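Peer 1: If you're matching them up, the sequences are chains A and B in order. Going left to right, the first sequence walks through residues 442 to 724 as our numbering numbers them. Going left to right, the second sequence walks through residues 8 to 621 as our numbering numbers them.
Since the hints were made in silico from the structure, they are not lab data. Check the hints yourself; a few may be wrong.
As a list, the in silico PhoX-like pairs of lysine-lysine whose alpha-carbon atoms are at most 25 angstroms apart [unchecked claim]:
| no. | chain 1 | residue 1 | chain 2 | residue 2 |
| --- | --- | --- | --- | --- |
| 1 | B | K222 | B | K496 |
| 2 | A | K690 | B | K222 |
| 3 | B | K496 | A | K690 |
| 4 | B | K496 | B | K531 |
| 5 | B | K9 | B | K531 |
| 6 | B | K278 | B | K496 |
Here are the in silico distance ranges between beta carbons for each label pair [said to hold, decoys possible]:
| no. | chain 1 | residue 1 | chain 2 | residue 2 | range |
| --- | --- | --- | --- | --- | --- |
| 7 | A | G511 | B | R77 | 51 to 61 angstroms |
| 8 | A | P497 | B | A592 | 27 to 37 angstroms |
| 9 | B | D58 | A | P497 | 23 to 33 angstroms |
It should be emphasised that the depicted structure is a prediction, and the values quoted were computed from it without experimental measurement. Here a beta-carbon is modelled for each residue, glycine too, at the ideal position from N, C-alpha and C.
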Amino acid sequence: MSRAAVVLCGGYSSRMGRAKAWLPWFGTSMIEHVVSCLRPVVDEVIVVTSAELELPELEARVVIDGEIGGGPLVGIREGLAAATSEFAFVTSVDAPFLNAKYVEALFSLGAAAAPVSEDHVQVLSAIYPCAAWRNADNHLRRGSRRPLRLLEELDYTAVSSDSAVAWCESEGPRPWHGFNEPKEYLEAVRALDPTATVELEFLGRAANRTGPSRGRYPVGTLGEVLARAESSTSLTSGSSLIENGRLRKSHLVCLGGRALVRDLSIPLGPDELVSVIDALAGG
Amino acid sequence: MKGFHGCYWRFDLSRNCGERIAIEDSVLRQTLGGVGLGAWLLHKEAPVGVDPFAPEAPLIFSFSPLVGTRFTTSAKFAVVAKSPLTGFISDALSSSHFAIAGKSMGVDAIVLVGACVENSELVDGRLRPSECWGLSAEETAGRLARFGRVAAIGVAGEQLVRFANLSTEGRHAGRGGLGAVMGSKRLKAIAIRGEVATEIANPDQVDQLVRRLRKRASGESTAKYSELGTIANVLSFDRLGTLPTRNFQASHFEQADRLSAENWHGRRAHKRTSCASCTIGCEHQFAFTSPRQSEESSRANGDQREKKQTRIEYESLFALGPLCGIGDPDVVLAAASRCDELGIDTISAGATLAFAMECGERGLLADAPRFDDPDSLLGWLDDIAHRRGLGDRLAEGSRRLAGAIGQNSIDFAPQVKGLEMPGYEPRALQTLALGLSVGVRGADHNRSGAYEADFSEDVDRLCGNASSAARAIETEDRAALLDSLILCKFVRGAFEDFYSDCADILTAVTGETFGPERLRSVGKGIVDLRKAFNIREGWRPADDTLPSRFLSEPLASGPARGARLPKQRLDEMIESYNLERGWSADGYLPASRLAEIFEERLAVPTSVESGEGV
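Chain A with its partners taken away, still in its complex shape:
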């Protein structure tokens, strides 16, 4: 049986405030982590993304989902249609605890299959026949956007949570464990390493006012990390970067050299380099 993996990462990540594909995960990005988990157990990896999201170099085929916001079934259809294998393991990109043994065991069932946890079918950690892209297309044409309906139509094998967990290489969070909000992501990070830290540096005028330009702080939201940095004795010489619960207009924050943000609720991940820069960059 030939195997594919389909990774969905075209969503807006609106509750997270930043692209989930680029969330840091202990030295790598979430998309790179998930692809590297899957690569050993499949013949091909398909990443379904949006045209607006740039991804790092991946050992995977990238498919553009032209209907962003259409829900996961659209991405499943695109991924299954692009695959050349018989079956595909479909996962969302926010799957930090995914492991090869679990995916291998699911494939070994030789049919559509999904774990069921607390009465929830994990439709985004499941096996689908690749030919089912047509079924998905029919569902979408009828206005049905729930992947569970597709699985039901495929007469999927429900795997109990305990069985699925037993397949895993180690104890800990479940392999389908995902996150939509900053708090959930940070809990996942702390579950793996309670002492995880971010590296915060102040550049431009912020550096001029604060003196020491770099420090390490426990992972948290941008607001939490900045507040900790400002409350430490070495960084109190300048005026606060937070004003009325918001980052001052004069500054911007760069995450890992990529996204520029000002939203204090955005989560900062393990070992992430977070640079506070002048908003008037350029000129």
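Given chain A's structure and the hints, the job is docking chain B onto it.
Peer 2: Below, chain B without anything else, positioned relative to chain A:
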């Protein structure tokens, strides 16, 4: 109309005589001054298809309605000509008392045409044989100071280095080779003075607005420039993966920390100064130890190296530092200082050298300069300015050098339309990539501030799209207005409502009612006017693009690794931009556009009108 004199001084260098020529109010209303008025005069005075070095090619100094008022940063002027580097319009701004002196002559612009019969200086309205040929612009200004405020060229301008600049009081009209145009006229310097006051329509209102702008421009909105200067960009750009390194082969420089404002302030002797009429004070001068240039000179000086001080901007720092792989602060500061003495544009100098370095690495150019070779940098700058050896070929700029080398080297020549690229990696700043591609002056970060969108949380800077067009247009239109009023771009953050505030200022100065929408329309008209000049000089849609490197190679390393800009994406952005401007999809203006703006007062030769546009 108040705020203007309604005329320009046209001086024919071939005949050694000048005359005043009227400018109608309707033209001034649509062009204002600076780059707007300069572009209009260029249309009017430059014969179609003129060689930039031909005597007939005009060299224009264009003032503005705000010159002579107390508005902060208003002592500015534009120098406009057909660029010998690009063959298209070049309009560079500079700041100094030269602007105030020019306006005090009772004119809104000075247009130089013709060419001197011998190396000359224009002083007190007459030519005289040059006593300063071979001197730096600064030395020349010192010699001619008794005749007024001086604009002069250095050795590079005399030698027709295609990226020679033109200097006043240590500031430069830097880009596009305007100094070479002056050199081609065998004119070393022009010294001007006058006593004509410019009438202001509503002095009380102007005073009030002056105070308001000064107050706003003294706070957070300009603090970056006054506290650290533009070199604060170095480390931020490095962290963002937008610091062009080794001829744009990378966007992250391993020695960026050595060149950072954060490290220099407090550790390197430093002073801050301002241009005339400026309350910001963005000019940061740093001390450096002049590197040893040769064994011979070190023996002569007993190895005592000279200590100097020079002003430095980000663009000079990036071009002479990371772009050439050089991280030694003393060398980079010395190189910037040397460019000023020789009279060459630091960006084009650094970028052309960096291009030659990569050509050398690839075995395409013999005896080429090398990356990471601080000891030879100053020597190469001297060779360029004096057109010695390989320096003669480098003095032609990267596009012509690539043409001579061939072997597809044009694919990685860092230029657009012949103008070398500024210090922004376009693959990691894709709104600016559009701005650089469509810039009428060439790769231009001053007439397009599209990087402002990229340096915000509003766009994904690594993935441009059709919405980038509106953002690029907005910054171009604003720049056109600021560059014509003229106010420094560093006050751009000091406006509460940009168009309304500018309208208030212009209305108080001129007595004409300029509403915000009208000014927005004026800004767009100036952009159109500049583009129209290029079209009449042979612009083609294929000119609006980036070198192949940027469209075929993803960034291989650094924070923006993997960032790519596929040609199709850029082409789509350009098409969106053209259509949103009201031009044809491939970038031609509607044939009626200039007539709409200028009520057919602008003579556009019919020979350059096509079915699609002018």
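Peer 1: Determine for every hint whether it applies to the structure shown.
Peer 2: Here's how the hints hold up against the structure:
1. K222(B) / K496(B): 16 angstroms, holds
2. K690(A) / K222(B): OK: K690(A) and K222(B) at ~18 angstroms, within 25 angstroms.
3. K496(B) / K690(A): Holds, because 18 angstroms separates the two Cα atoms, which is no more than 25 angstroms.
4. K496(B) / K531(B): 17 angstroms, holds
5. K9(B) / K531(B): Satisfied, since the Cα-Cα distance of roughly 23 angstroms is no more than 25 angstroms.
6. K278(B) / K496(B): 22 angstroms, holds
7. G511(A) / R77(B): 51 to 61 angstroms: 58 angstroms, holds
8. P497(A) / A592(B): 27 to 37 angstroms: Holds: the Cβ-Cβ distance is about 34 angstroms, inside 27 to 37 angstroms.
9. D58(B) / P497(A): 23 to 33 angstroms: About 49 angstroms separates the Cβ atoms of D58(B) and P497(A), which means 23 to 33 angstroms is violated.
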